[in-house]
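Assemble the complex: chain W is given as a structure, and chain Y must be docked to it using the hints.
Read top to bottom, the protein sequences are chains W and Y. Residue numbering for the first sequence is 1 to 309, as defined by the numbering used here. Residue numbering for the second sequence is 1 to 309, as defined by the numbering used here.
Fair warning: there could be bad hints in the mix.
No distinction is drawn between identical chains; accordingly, a pair holds when it is met within one copy or between any pair of copies.
[Claimed, not checked] Listed next, the in silico PhoX-like pairs over lysine-lysine satisfying Cα-Cα at most 25 angstroms (straight line):
1. Lys205 <-> Lys249
2. Lys264 <-> Lys184
3. Lys253 <-> Lys205
To be clear, the hints were calculated from the coordinates, so they are not data collected in a lab.
There are 2 protein chains.
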Amino acid sequence: MANYVAVDWGTTSFRLWLIGEKGTIIGESRSREGMTTARETGFAAVLDKHLAEVGAPDDAPVIMCGMVGAKQGWVEAGYIDVPARLTDISGAAVGVPGLSRDVRILPGLAQRDVNSADVMRGEETQLLGCAEKMKSSDCLIAMPGTHSKWVRVVRQEVLGFSTFMTGELFDVISEQSILQHAVKDSAGFDGANPTFLAALHAAYKEPELATNRLFSIRARGLLFSLAPTDAEATLSGMMIGLELAGALKQAPKDTPVILVASGKLRGLYEAAFHRLGIQSSTIDADDAVRRGLSQAARDIWQFDEGAAT
Amino acid sequence: MANYVAVDWGTTSFRLWLIGEKGTIIGESRSREGMTTARETGFAAVLDKHLAEVGAPDDAPVIMCGMVGAKQGWVEAGYIDVPARLTDISGAAVGVPGLSRDVRILPGLAQRDVNSADVMRGEETQLLGCAEKMKSSDCLIAMPGTHSKWVRVVRQEVLGFSTFMTGELFDVISEQSILQHAVKDSAGFDGANPTFLAALHAAYKEPELATNRLFSIRARGLLFSLAPTDAEATLSGMMIGLELAGALKQAPKDTPVILVASGKLRGLYEAAFHRLGIQSSTIDADDAVRRGLSQAARDIWQFDEGAAT
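Here chain W stands alone, though its shape is the one from the complex (with noise of 0.2 angstroms):
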């Protein structure tokens, strides 16, 4: 029997689970309907055609994250500031009205300090759905992507979050730089490249000089014939670098990190930890967020499933 909906909600991205008895996954639905396209075609109908996919039971609630309670989303779910404890995110979720069925959206998390301020939107999720993995009381959460967030919870409660802008940079730099033809041509590379380490470990060390090593990839084409895969394996090795010089200054040494990554962001990353030396666990991002919205949904309509999945 379902008992209730999950919804994860971005920019670009649109992914639906059906869940039920025991936090079981009955049926799951995915495409690329984010909020960019759903703001032409109507929140309410993309929803509607993914319920009907999963077979959704009409009087089954709906939990979403993500870019559909931004200010230019479907409802404005807002942000709850930090310091928060985990579970005041599930409270603060915004019901969307007019519909016959309980859609609500939870609040993204801000930090309301000039000189460091920041936003994060759907991570907050995937943060309640690490919850019960934080076997430290005093951790680090890393969840790496166009704009990486580095979140400090010390006992269940959000002290701070700092957002490095790393994969963007990563982006435009290779797209649109003068470093645009060294990388062309990239045979692509994993965590195990030597190069990456190397320049990984450089930008760790010296973080002021990261401007300069981006020339240098230039100046070693032009001098040396840098190999492109080489050339790329560099750029987003000093790129992860510079993120963790400033991201691991967040907390005091050897607070244990937990990873919330896939794919080869994943792979990088833990390379990058066991390269530094850093202690660190990983948990599945997908995974993650499916957890948090659960957790949400448990919270808000007190289904008692015994272990979450």
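Chain Y only, in chain W's frame:
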């Protein structure tokens, strides 16, 4: 009487001076016919047009610098390796074959160390133009721009140099990243702007937080309605502060800095040095390149001009 012709031929600009007795400027001609244009229309045709414009005598030799000497330029002038004496630059000028006139192109400088590979082309001539202003036997020459160059010169010898991609990153971030919305409609700012100076200082002190502070510009827009002008001033201050954090480590503390710059950048870097308590003097970038070309002409053709202009 005209002695020689000096040409600064970059990627997108062409500047020519006709120089007479004692270094007097007899004529000047400028256009947007940089290397990119000249590759289409012909280098010789562009040069001849400008020579005719200033009425250069048929026997006046021509000294040139810049991208005209790159692999994609007119004749490749290569690089000389550092460490190199400033006087080595003139000695390595390459002649353009097949012309009735003596036309030579100055080489660039290369740092062939795989861990700090670097190149410059055009800036070496500005260095030559600064030589007689280097009152200290040990100085750092700062040449800010798209690719800012920092050069360590000790007793007229270039020991090494570092390029920082500051200007190019500023451009791609303001035009292509999520921050484009934050900086759009900026009214402009100068070195006296307190937001610029605060961002500069913060990035200089904590360069490891560079990509975090970038995202913070976005977050301050959402949470505190940061004005576009302040957003642009913050981005600029951050990028320059990050550069200075790395560049100033390339020489012993309190090594005097010579700034070679013009226009807005000159004002921003002078304000930055003042804010950080760094001793500096300034040479106009346009003057420096012309003085450098004149120095090379004197070295090559033994003109006795007396004092440089």
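Hint by hint, here is what the structure shows:
{"no.": "1", "hint": "Lys205 <-> Lys249", "result": "both (13 angstroms within a copy, 14 angstroms between copies)"}
{"no.": "2", "hint": "Lys264 <-> Lys184", "result": "within (19 angstroms within a copy, 34 angstroms between copies)"}
{"no.": "3", "hint": "Lys253 <-> Lys205", "result": "both (15 angstroms within a copy, 20 angstroms between copies)"}
Violated hints for the displayed structure: none, as all numbered hints are satisfied.
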